[in-house]
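Here the protein sequences come in this chain order: A and B. Each residue of the first sequence is one higher than the one before, starting from 6 at the first, in the numbering used here. Each residue of the second sequence is one higher than the one before, starting from 115 at the first, in the numbering used here.
Heads up, some of the hints might be wrong.
Anything over 10 angstroms on all C-beta distances counts as not near chain A; from chain B, calculated [what the hints assert, rightly or not]:
#: 1; residue: G157
#: 2; residue: S403
#: 3; residue: S499
#: 4; residue: P500
SDA-like cross-link-like pairs, simulated, lysine to any residue; straight-line CA separation at most 25 angstroms [claimed, not checked]:
#: 5; chain 1: B; residue 1: K506; chain 2: A; residue 2: N18
#: 6; chain 1: B; residue 1: K515; chain 2: A; residue 2: A121
#: 7; chain 1: B; residue 1: K218; chain 2: B; residue 2: D240
#: 8; chain 1: A; residue 1: K27; chain 2: B; residue 2: D240
#: 9; chain 1: A; residue 1: K128; chain 2: B; residue 2: K218
#: 10; chain 1: A; residue 1: K27; chain 2: B; residue 2: M504
Facing chain B, according to a computed beta carbon distance under 8 angstroms, are these residues of chain A, among others [as the list claims (entries may be wrong)]:
#: 11; residue: G38
#: 12; residue: K64
#: 13; residue: W81
#: 14; residue: V87
Hints are computed from structural coordinates only; laboratory data are not their basis. Using N, Cα and C, we set each Cβ at its ideal position, and we do this for glycine too.
As a plain string of letters, each chain reads:
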Amino acid sequence: MAYSDKVIDHYNNPRNVGSFDKGSEDVGTGIVGAPECGDVMKLQIKVNDEGVITDARFKTFGCGSAIASSSLATEWVKGKTVDEALKIKNVDIVNELALPPIKIHCSVLAEDAIKAAVEDYQKKKSSSPAGSGSAS
Amino acid sequence: MLKLPIYLDNHATTPVDPRVLDAMLPYFREKFGNAASRNHPFGWAAEEAVTIAREQCAQLLNADPKEIVFTSGSTESNNLAIKGVAELYREKGKHIITAATEHKAVLDPCKHLESLGFEVTYLPVDRYARVSAEQVAAAMRPDTILVSLMFANNEVGTIHPIGEIGKICKERGVIFHTDATQACGKVPVDVQALGIDLLSLSAHKMYGPKGVGLLYVRRKNPRVRIAPIFDGGGHERGMRSGTLNVPGIVGLGKACELGRLEMQKDHDYVFGLRERMRKRLFDELDYISLNGHPEYRLAGNLNVSFAYVEGEAMMMGIKDIAVSSGSACTSASLEPSHVLRAMGVGEDAVHTSIRFGLGRFTTQEEVDFAAEHTIAAVRRLRELSPLYEMVKEGIDLATVKWSPH
């Protein structure tokens with residue numbers, strides 16, 4: 006199967022690879038997928054007091070398209086508010102990376118990873134006794 | 115000089131040996147006759163070439179030339195053997211024994227027969243992809259008419275105890291078919307010593323051309339009868355009608371001759387390269403495992419799971435090296451390898467498996483390049499792998515609650 010140039014670029018030069026401290030208050034972590042399905046994505050966001058995602062990291066076990074989808078997702082969430090990030094849809098990823106039909110599940114997983122990371126961040130915020138800063 | 119890309123997928127197909135091609139060429143050009151043309155020199159030349167090829171094929175198998183039926187390859191041979199026996203022996207019984215790790219060209223004809231009322235036992239295999247003769251014996255019933263088990267597995271290279279299985283089949287009067295596509299020319303295959311009644315092989319897996327193969331059909335002790343699939347001019351003693359593919363058959367014959375004469379040399383050479391590569395991978399990488407039997411295995415097969423690195427991503431990382439993977443992502447059907455699954459190596463090991471297939475024309479330089487680049491790709495992809503990170507943190511992946519999709 007031939008890969009698009011963008012998939013190959015993300016595969017060869019993945020953006021924002023790495024990990025944040027998942028215990029940190031301003032970090033949201035999403036882990037989706039399963040090893041027995043052949044793909045697991047971990048996507049992390051760092052959010053400031055204004056609710057803006059200032060940085061993101063990922064690590065992915067999966068095919069080239071899965072790696073590219075999650076790499077792209079980290080690029081796209083940066084600078085967005087968490088609400089804006091939730092509006093990223095898998096079809097946007099499919100279009101940007103020119104994914105073939107059999108790779109659409111990779112983009113779905115990336116969308117799920119964003120959602121899971123935001124959810125984790127929001128859960129931390131709401132359960133934080135200090136209200137952590139932006140209590141407006 | 116090293117020429118890229120490197121071909122390490124010799125279980126899928128092999129390059130044609132130049133000596134095979136040279137033998138074939140006259141039969142495309144001046145000796146183009148139909149082997150069935152009995153009344154002119156063009157036909158005689160073609161028939162003579164087929165006769166010689168038939169002897170070369172028979173010699174490789176220790177068979178009689180009259181027991182060789184030329185076909186288009188192993189898929190046809192397997193269909194002819196399984197369906198051909200089923201049709202002619204259905205009065206005797208309707209039970210067939212095979213194994214879960216067979217090639218689709220055996221499994222699918224068996225499934226077809228099930229739809230016609232036959233009953234098929236799919237033997238499970240051990241973690242090395244092997245069945246035992248005891249398993250075969252235990253599965254036999256009074257109405258068993260056929261046992262079909264591959265000589266060597268195309269994915270993991272495991273070699274079944276063919277001689278022991280052949281002996282059991284003889285004792286019980288059951289016909290024994292073996293798909294020896296991966297084995298012929300690589301390991302000794304003696305139909306007399308091993309008690310084989312029917313055997314499939316393909317030229318293109320042994321440095322011959324694509325589109326030609328044969329079915330060995332035993333003529334005595336016992337005489338095996340098969341119903342043809344193709345009806346027509348009654349070629350190949352009525353078992354396979356159709357004008358003979360003379361250049362292909364000449365190529366198959368030459369490939370068999372070379373396979374017989376150079377088997378030991380090829381084996382030692384390929385085995386040496388495989389072990390060189392295996393040692394290097396296992397010395398330099400952690401969390402890797404060999405799939406298939408460590409001992410009863412084809413010399414050219416190195417099937418390895420690189421934990422925490424998905425197979426297709428791995429293949430992208432070693433794009434200058436042509437290999438195969440058991441990962442679902444690399445198959446047209448999106449189904450992961452049924453062989454590795456049957457071995458029970460674990461779904462994650464299936465997704466991370468890579469098959470390196472070495473052959474007669476593989477060089478040490480190529481193997482060293484492949485090992486070096488594989489190691490680099492695994493290391494790079496593990497830096498990207500959340501699973502590797504978790505394992506390094508001491509998390510047991512089996513205890514993690516995943517979200518399968």
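Results of checking the hints against the structure:
1. G157: About 46 angstroms separates G157/B from the closest Cβ of chain A, which puts it past 10 angstroms; holds.
2. S403: 15 angstroms, holds
3. S499: 5 angstroms, violated
4. P500: The claim breaks: P500/B does not keep its Cβ more than 10 angstroms from every Cβ of chain A (closest is about 4 angstroms).
5. K506/B - N18/A: 24 angstroms, holds
6. K515/B - A121/A: The given pair, whose Cα atoms are some 14 angstroms apart, holds under the 25 angstroms limit.
7. K218/B - D240/B: Distance ~19 angstroms between K218/B and D240/B Cα, so the pair holds.
8. K27/A - D240/B: 42 angstroms, violated
9. K128/A - K218/B: 50 angstroms, violated
10. K27/A - M504/B: 12 angstroms, holds
11. G38: 6 angstroms, holds
12. K64: Constraint on K64/A satisfied, holds at 4 angstroms.
13. W81: 18 angstroms, violated
14. V87: Violated. Min distance 21 angstroms.
The structure fails to meet hints 3, 4, 8, 9, 13, 14 from the earlier list, while all remaining hints are met.
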